[in-house]
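Novice: Add chains B, C and D to chain A, keeping to what the hints say.
Protein chains: 4
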Amino acid sequence: MRTSFASDNFSGVHPTVMAAIERANQGHAMAYGEDEYTASVLEHFRRHFGEDTRAYPVFSGTGANVLSIQAATRPFNAVVCADTAHIHVHETGAPEKHAGVKLIALPTPAGKLTPDDVTPTLDVFGFEHAAQPKVVSISQATELGTVYTPEEVRALADFAHGNGLLLHMDGARLSNAAASLGTSLREITRDAGVDVLSFGATKNGTLCAEAVVFFDPALAEGFDYVRMQGTQLASKMRFLSAQFEALLEDDLWREMAAHANAMARRLEAGLRDAGVEIVFPVESNAVFPRLPKERIEPLRQAFYFYTWDEDEGIVRLMASFDTTEADVDAFVSLVAEG
Amino acid sequence: MRTSFASDNFSGVHPTVMAAIERANQGHAMAYGEDEYTASVLEHFRRHFGEDTRAYPVFSGTGANVLSIQAATRPFNAVVCADTAHIHVHETGAPEKHAGVKLIALPTPAGKLTPDDVTPTLDVFGFEHAAQPKVVSISQATELGTVYTPEEVRALADFAHGNGLLLHMDGARLSNAAASLGTSLREITRDAGVDVLSFGATKNGTLCAEAVVFFDPALAEGFDYVRMQGTQLASKMRFLSAQFEALLEDDLWREMAAHANAMARRLEAGLRDAGVEIVFPVESNAVFPRLPKERIEPLRQAFYFYTWDEDEGIVRLMASFDTTEADVDAFVSLVAEG
Amino acid sequence: MRTSFASDNFSGVHPTVMAAIERANQGHAMAYGEDEYTASVLEHFRRHFGEDTRAYPVFSGTGANVLSIQAATRPFNAVVCADTAHIHVHETGAPEKHAGVKLIALPTPAGKLTPDDVTPTLDVFGFEHAAQPKVVSISQATELGTVYTPEEVRALADFAHGNGLLLHMDGARLSNAAASLGTSLREITRDAGVDVLSFGATKNGTLCAEAVVFFDPALAEGFDYVRMQGTQLASKMRFLSAQFEALLEDDLWREMAAHANAMARRLEAGLRDAGVEIVFPVESNAVFPRLPKERIEPLRQAFYFYTWDEDEGIVRLMASFDTTEADVDAFVSLVAEG
Amino acid sequence: MRTSFASDNFSGVHPTVMAAIERANQGHAMAYGEDEYTASVLEHFRRHFGEDTRAYPVFSGTGANVLSIQAATRPFNAVVCADTAHIHVHETGAPEKHAGVKLIALPTPAGKLTPDDVTPTLDVFGFEHAAQPKVVSISQATELGTVYTPEEVRALADFAHGNGLLLHMDGARLSNAAASLGTSLREITRDAGVDVLSFGATKNGTLCAEAVVFFDPALAEGFDYVRMQGTQLASKMRFLSAQFEALLEDDLWREMAAHANAMARRLEAGLRDAGVEIVFPVESNAVFPRLPKERIEPLRQAFYFYTWDEDEGIVRLMASFDTTEADVDAFVSLVAEG
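Residue numbers (the numbering used here), protein chains in the order written: chain A, 1 to 338; chain B, 1001 to 1338; chain C, 2001 to 2338; chain D, 3001 to 3338.
The shape of chain A in the complex, shown without the other chains (with noise of 0.2 angstroms):
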């Protein structure tokens, strides 16, 4: 189909990210991560996020996130996170069937949490009859396309950390928050406090790789039979490892994130000097414009995209690691004409 504004999960796999599948395609190797693609990969990650970091590959966000919160409750537990949250909204209950927890959502301005925000949560603690809140979750990228700044997060994290909680971030996008941010992956994870987090890279240009990664090795003990047991272990690990080898070694990930970030930029500068109104701040790789309702669908024809909230006239477009800047120009002028 046409280069389409609807998900970073529409494009493809940059050429890189192939190129190293194939170079991973070479005779036999050990199964389950014995291999040495997973032994490499996992240094790199400890590049990235510091010695005693465990990371572990898996297939899908929705496992990574599960599993996450798994490893970080029990199930008498509440997870305590935005209402427009991945794990609370588009993950069929995932969370609560898995890890047996209550997740408390919470409204906010523009998906992101407050440490204000999370206290009034925590008046039950002790109490016997209510789920016990453990962990704070929160995306970054949020799924509105904020952005938690490094100071926000360890806001978060004291917060947490000075209630018994841990912080857990859905980092679906985190690509494209570092990049955003112009930090490492480092700086807004686990020098900012995070616990555990969800590393994607589906949407960052590979074709199925994401990732548990610890950064409290006490709290990855037994994860490897969580893992498996989670149906999330990669019988050809090398496979996926190799993707995360091309993200990790140069700085790809930086790259493509930088770039879908630009274009989402591009479009909400052309959608404005269009008129449009842009509904939340653009701070990674989304734009929310408010349109015309009745020009919705003859768009959508032409770039397909998703509404977000059809009583307003509000969607989502997403810029990709393969968007160019022509979709973007050619997007901004259908509106531009009306």
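Treat the hints with caution; some may be incorrect.
Heads up, simulated SDA-like pairs for lysine to any residue below, C-alpha to C-alpha not over 25 angstroms straight-line [said to hold, decoys possible]:
| hint | chain 1 | residue 1 | chain 2 | residue 2 |
| --- | --- | --- | --- | --- |
| 1 | B | Lys-1293 | D | Met-3030 |
| 2 | C | Lys-2293 | C | Tyr-2304 |
| 3 | D | Lys-3293 | D | His-3259 |
| 4 | B | Lys-1293 | B | Leu-1334 |
| 5 | D | Lys-3293 | D | Val-3276 |
| 6 | C | Lys-2293 | C | Val-2279 |
| 7 | A | Lys-293 | A | Ile-278 |
| 8 | B | Lys-1293 | D | Phe-3127 |
| 9 | D | Lys-3293 | B | Phe-1125 |
| 10 | D | Lys-3293 | B | Asp-1123 |
| 11 | B | Lys-1293 | D | Pro-3217 |
| 12 | C | Lys-2293 | C | Asp-2273 |
| 13 | A | Lys-293 | C | Phe-2127 |
| 14 | B | Lys-1293 | D | Arg-3272 |
| 15 | C | Lys-2293 | A | Pro-298 |
| 16 | A | Lys-293 | C | Val-2279 |
| 17 | A | Lys-293 | C | Asp-2273 |
| 18 | B | Lys-1293 | B | Val-1089 |
| 19 | B | Lys-1293 | D | Ala-3269 |
| 20 | D | Lys-3293 | B | Thr-1119 |
| 21 | B | Lys-1293 | B | Glu-1310 |
| 22 | A | Lys-293 | C | Pro-2120 |
| 23 | D | Lys-3293 | D | Pro-3281 |
| 24 | A | Lys-293 | C | Thr-2119 |
| 25 | C | Lys-2293 | D | Met-3030 |
| 26 | B | Lys-1293 | D | Gly-3050 |
| 27 | A | Lys-293 | C | Pro-2109 |
| 28 | D | Lys-3293 | B | Gly-1126 |
| 29 | D | Lys-3293 | B | Pro-1120 |
| 30 | D | Lys-3293 | B | Glu-1312 |
| 31 | D | Lys-3293 | D | Ala-3269 |
| 32 | B | Lys-1293 | B | His-1259 |
| 33 | B | Lys-1293 | B | Glu-1312 |
| 34 | C | Lys-2293 | C | Pro-2109 |
| 35 | C | Lys-2293 | C | Val-2276 |
Stretch by stretch, here's where chain D covers chain C in the computed footprint (C-beta under 8 angstroms, at least three residues) [claimed, not checked]:
| hint | segment |
| --- | --- |
| 36 | 2004-2018 |
| 37 | 2056-2062 |
| 38 | 2087-2094 |
| 39 | 2200-2210 |
| 40 | 2229-2235 |
Hints in this document: simulated from the structure, not taken from any laboratory. Ideal Cβ positions, reconstructed from N, Cα and C, are used throughout, including at glycine.
Specialist: The following block gives chains B, C and D in isolation, referenced to the frame of chain A:
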């Protein structure tokens, strides 16, 4: 690493499959299986398995097994299987955790269940205090390399259906079984009475591609949600589908499986000639020789493989689509040298 | 302790119920509900709720709710309830853990849902990434002491059924609701369209007796196993059944509930006379007055009760079958004294 | 019904226990175990089992077992037990569903495990694809009426602890075992190395009273929430506690159990005198005679009991606190008459 006999998932990706993956990497595609590649592959499944077949690509064999079982049971049910079954001994208790069920694992001479084996497990029917058998699960080919004939599958299916049970087939190596028997995929599954199939491709020359296949549409009801909640829905599904396309379009599945089977038979013949006992019938791509214990480690240094029964000196040799006659002959020579 | 207004489960066992327990303590009886007491009590359930009623005594209200929900859902489903619902705020996430479902909790003015409240939650129908609503769960009487009229229940039932959902009623205080409305138990449950009921007796003068009641036998299929696996099957069932016998044989249930309701109304009247605001309609055995915050602790010393909203100074007063006019008048006097 | 030998849960409630329940029925009491009766009974538990004992009353034996196992495991763990264990054959798969674990059930000569039995199950330690043994669970007395000596329990405990496992005891008939051995409750549990105990009282003359008892406070961490989420927290807890009070205050537990044991030995002696084979050692309150098959039904008409092994003609006779010498003698006479 050098060609091994450790597992068919030590082998890589067949060039035709890799080419299909690359071909699917064109522009954007709808995510989560709404793409044209997936539409096409579902046609292939129907062509191979019959109209009304419902096929759902997933990431992993354990994922396929667990979700098959969840679809066919309620948590108070039991699943009857051989005590060598992958679901029982190699999935870290995943069926129990995900579906809530109990596994009833029965000893068998060579990995194959019969109706007579299952009969006694039905004594608890209607007894409130016992998990109620609902599924008979068989592996085709079995974990011991043996193969059920269509008649044997049919006998189990008739027995299961006659007692209100369903028949699940763990077809991680279904292709090897069909190639061995000279049947179509359908003849030993749907036509033999199987209700739900875990169709494996990863062990047969793909990168990462399994599928849950229902032959009764009623069993598939709600399975879209089961798969998503079960963390087994691929966002960039086209790349899973491309692998199945390569396998199913021109019977590459059979070509690869037949080759692996042939290499296993060559191994068997060579080893028997060298005076080695083969402990299970060689009916697919696995060979289980009994070796002098002191020979095992030196041989493993040359060609990696796994020990099956340490006390008995029985090892498992798996052939793959890429095993060569030279590999086999070299291994046999080493053994023969003593 | 002195008579309290803390909860109807602070009260003890009505003498008639205790006498029934003692009467059941004669010789041996079949275990697990095969006894004559249970046979008789199931007759009472059918007499009260209609033929084809399937009633299953269990130990606890949370047990009844969780197993009701499990029987009515699959793990990918969602249960829609008021955000004051016991299943949401007072069961430590038990529905999520046991049934795997997600709870969708909606704000209400006084604990009562309407079809209009539920409508927006159905937007996700058919959307693979969202838990699929399958049950509307309402509390009768509600946790705020309000009561659904038969027409209000019917409206919800029609709405639910019209959309493929089921209606569950948490009837921990069903007797209070029926006594308040002057209806039979059946008129506000089965006749109003309820599909599955948690029928509570513990809060109404028994020792430990709740029941899951199905009005559609198909929903009850396999529930014997669900209850046993769910750890809610009593071995010496006759003693649970004896309690229901005492309640249901001669409408002791109504006598006790009506008394508790009358005491609540007396509390309401007395407090209003003393100038106290009552924040929710008093329609069963709960009264929610707003008290001067500095008065709360001294009053609690005299008559134990729970604070509902600390910031607002709202407390919850529950009347029981054994609350006396003297208790009420003494409490009101204390409040009136200032 | 006439006194039976079917099960110790066919018997009723000892008058002393019933009197205690009635005594607890005075005025109001804090709910959910905050009452004085429960405070007192926890003292009794500490007196019997030692300081730091954490006891949690629950409703049912299956509830106690399931929550004990949940507290001691993670879902990827396995629990090793005898293949006659109640958790394996009579709980409808509850441990699997609630704790996610796999049960590894081993054959034994008479229901009793030894370290040597367990040793081979540890071969999978560290193998990612296998559920990891974490708990050895034994029944005391066993389902076959045999009893572990303190030394035998200690040997299993030392073995378990030496391998990083915990020892769980299903003490549904712990009192019978202690009475049989002439030990305190503590000598065959805590002092013998048991980590967590399901302490049963229902089968020993109470109405409904079981408890989860931890000897290591660390294991009990969070168990308040586990019990509540597990639907096993009684609202009117005082009535459960009263039952334990009656049992534990003056060693009524031993008096009743010793009587039941004596009746079992009388049965054994009488049957042996009548030439009947007794197939398991009679060490508690169960007797397993082999009877001529055609005699079983007529005898069952007179005194209800269950068949254990239909093919072998083995039946199970259970004595209770209320079994009389006359009952026993009448049954023996019937058998002797042929």
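Novice: Please list, smallest to largest, the hint numbers that this structure does not respect.
Specialist: 1, 3, 11, 14, 15, 16, 17, 19, 26, 27, 30, 32
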